[in-house]
Structures are given as C-alpha cells and as structure tokens.
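Visitor: Below are the chains, spelled out letter by letter.
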Amino acid sequence: MEKVFYIHDKCKGEMLKGTYKCTTKDYEVQDNEGNLVFTKISNHEIPENDEEINTTANIVYCTSCSYAVETDTINYDVEITGSSPDNNINYRIRYIK
Amino acid sequence: MSSVSTINNISIDNISKIDNVAISSISAIDGISTPADNQLALFDFEDQTTQESQNAIWSPSNTAANWVNGVSAVTDAEGATGTNWGKTAGLQVRGWNCGQDTTGSSGTGPNGGVNPADGTHDQSSDGDRYIYCEATTGTGGVGSSLTAANRTWVTRTRGYNFSTTMSNTSLNLNLKFWLHAFGSQIGDLFIYIDTNTASNHSTATLIQSYTSFSGFSANSSVWQQQTVSLNSYRAVDATHYIYFVYEGATGFRADLAVDHVELRETS
Chain A
32 MEKVFYIHDK CKGEMLKGTY KCTTKDYEVQ DNEGNLVFTK ISNHEIPEND
82 EEINTTANIV YCTSCSYAVE TDTINYDVEI TGSSPDNNIN YRIRYIK
Chain B
99 MSSVSTINNI SIDNISKIDN VAISSISAID GISTPADNQL ALFDFEDQTT
149 QESQNAIWSP SNTAANWVNG VSAVTDAEGA TGTNWGKTAG LQVRGWNCGQ
199 DTTGSSGTGP NGGVNPADGT HDQSSDGDRY IYCEATTGTG GVGSSLTAAN
249 RTWVTRTRGY NFSTTMSNTS LNLNLKFWLH AFGSQIGDLF IYIDTNTASN
299 HSTATLIQSY TSFSGFSANS SVWQQQTVSL NSYRAVDATH YIYFVYEGAT
349 GFRADLAVDH VELRETS
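From first to last, the protein sequence lines stand for chains A and B.
Under our numbering, the residues of the first sequence are numbered 32 to 128, in order.
Under our numbering, the residues of the second sequence are numbered 99 to 365, in order.
Simulated from the structure, these hints should not be mistaken for lab results.
A portion of the hints provided could be inaccurate.
[Stated by the list, open to error] Beta-carbon label-pair distances, calculated as ranges:
| # | chain 1 | residue 1 | chain 2 | residue 2 | range |
| --- | --- | --- | --- | --- | --- |
| 1 | A | G113 | B | I127 | 46 to 52 Å |
| 2 | A | R123 | B | S310 | 35 to 41 Å |
| 3 | A | S97 | B | V119 | 28 to 34 Å |
| 4 | A | R123 | B | T218 | 20 to 26 Å |
| 5 | B | S109 | A | S115 | 47 to 53 Å |
| 6 | B | A139 | A | V35 | 43 to 49 Å |
| 7 | B | V326 | A | E76 | 34 to 40 Å |
For every residue, glycine included, the Cβ atom is placed at its ideal position computed from N, Cα and C.
Build out the structure end to end from the sequences listed, making use of the hints.
Guide: Written as structure tokens, this is what we have:
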C-alpha cells in the first residue's frame, strides 16, 4: 500500500485533494465531500449563463494558506519516501511549489 | 579585438560573477573586453497592486507608473461601440490585469510569476506577480460585460528614446520578456511600437506576432523567454512606446501572461 502526502513548500502546510469550482457566485475550493473550504475570488459577478459557471478542476489545496493548484499540473522537486515499521505502507511526501 | 566568450569552457553568458564582482561590471579580463550586456529597464511587476477581477484592470503604479493600460492607450480605430484597436473589426479594448500565483479560472494561467533564472514559477512574495489578460467574461471596468472572443487586451510601456538611453547605439537593442500561454482557448499576442502615447493597429508598427504556442500544456509549464529586436529604433531620436496587444481568445481558458519585461543592449 502506498500513501502520498503533499506539503506546500512555501508555508509547509499539508495539501489535500479537493475540487476547484466556479459557482454562480464565487470561485470555491471544496474538499472531497463537496464542502466549501475557502473561496479564491468572492462575488465574481460572472453572468449566470456563462460557459465558465460550474466548471471544475481537480486540485490540491493548502490547509495552512489559501493556495490551490490543479493536480494535473502538480510540480514538485523534492520527494521523501519511507515505509511503516512493518513495511506494509510506503510513504511518499512531495513538496509542492 | 574580439571579446571574451568563454572562461574555462563556460560561456560568459552563464557567468554572473567573477571573484564576487558582477560580470556586468567587468569591462575587460587580462586586457580583453567582455561583451556588453546592459539592462536599460526592467519591469517585474512585484511592486504592483494585484487586480484579478474580470470587471476591473491593473492600475500601473510605482516602477510601472508611466505604463498606460486599457482604453487610455488606444486611439479608437473604428468609431464603433467602445474603443477598438482595429486589427480585427469589432473587438473592444480592455486592459491587462495583474495576477499573483494562479489566475481565477481553471485550465489556464501560470502558477506564479516567472523565476527568470530558469522559467519556473515563483510564488514567493518577491516573485509571484505578473501581468495577464483576464479572459473571463467581464467589463474590464468599461462598458458592458463581454466574452473573451469580443476583446482585445492592450497595455503599453513607458516611453524610451533609445538613441539617448543606450550607452552605444551600435549595440544590439532587444525587448525581452517571459511569456506564459496555457489554455485551450488561448489567443494571439502582438507586439507593436509607436511614437504616439495612444495608438491603434493602423498607426503603430507591428514588430512581432505570436500566433501559435508550443510547450504550454499545464499551469505549471515553464515560462518561455521571448526576444524582439529593436535595432530599427535604436538610433531614432524620438520617444517610443511598446504595445502588448492580445486578441483571438475564444473563451475563458485564455489567460495569457507576461512577466519580467526588459530592455537590454548587448554586443
């Protein structure tokens, strides 16, 4: 089994997987359950019928600061690997720029 | 006499210091001249106030105080609705925005400002800002809300009389800047030059076109440095303004960005 952890290199906060969504009101960062974590831009005033409304992207977001990056663009230059004492779990810790 | 090109097989272009002295400050080594490489101007936008709303534009200030952004940089070319640059009929002008880290829309824009050492993305407080064309449907602070397909984005630099700014007008004069053009609906970038403080497609001279891009497959794709020769203008005794004009975007995934704009004279 492998577990991957993401760390925001800038502030060292843990980054979690979530969804970035353009709603009728805000650009929202949502967790994997669809719950609002924070808004990137509030009250954007995009017309309700615009093609951008309801578009989404898979992201990782920082739990320490308001930074989110799309997961298909993850760029990390440091990866630390390890394993549990029983060697049943391999860990990867990736630092996200 | 020819100048120094390599030291210990390392190109002098890749050497920043010798004995802790900046290479740009060294005119000769053992009596052999080093190549001239003088930065006449640099705009990295780090002291600018960010403006990432599609209903507003960047207000140049501080080191970019004499830039002009949006309709104020344009002499209306069509007399149609709004202000038109005139390269493509019917497109209304708006200004560029100033971003930090990512832009608002998904699937477009950089992850941060450029690190000019290698083109990677910089999210530090002294490197994360850049100017870009916000392609989300909006007003740009003027008139009605329009989609990207109906827009031309215009901004221009401050003026330079290169004939008096350059240390030697026989040196090569280049505009250099870093470009990020990721997005499935990205448009085309055009560089113009003119002696007029406000201009349009008919009045200004088009000196470079970027109508296809490669290597921009993700937000994290590295920035690419561009070079535009200004040699035709280095000996002209007049103040010139450089216009960055973007159009042809087909939707919101079209946030083209520019950073680290330089004027350099080199041998």
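Visitor: Now look at each hint and say whether the structure bears it out.
Guide: Hints, one by one, checked against the model:
{"no.": "1", "hint": "G113(A) <-> I127(B): 46 to 52 Å", "verdict": "holds (49 Å)"}
{"no.": "2", "hint": "R123(A) <-> S310(B): 35 to 41 Å", "verdict": "holds (37 Å)"}
{"no.": "3", "hint": "S97(A) <-> V119(B): 28 to 34 Å", "verdict": "violated (42 Å)"}
{"no.": "4", "hint": "R123(A) <-> T218(B): 20 to 26 Å", "verdict": "holds (21 Å)"}
{"no.": "5", "hint": "S109(B) <-> S115(A): 47 to 53 Å", "verdict": "holds (49 Å)"}
{"no.": "6", "hint": "A139(B) <-> V35(A): 43 to 49 Å", "verdict": "holds (44 Å)"}
{"no.": "7", "hint": "V326(B) <-> E76(A): 34 to 40 Å", "verdict": "holds (36 Å)"}
Figure legend: structure checked against the earlier numbered hints; the only hint not met is number 3.
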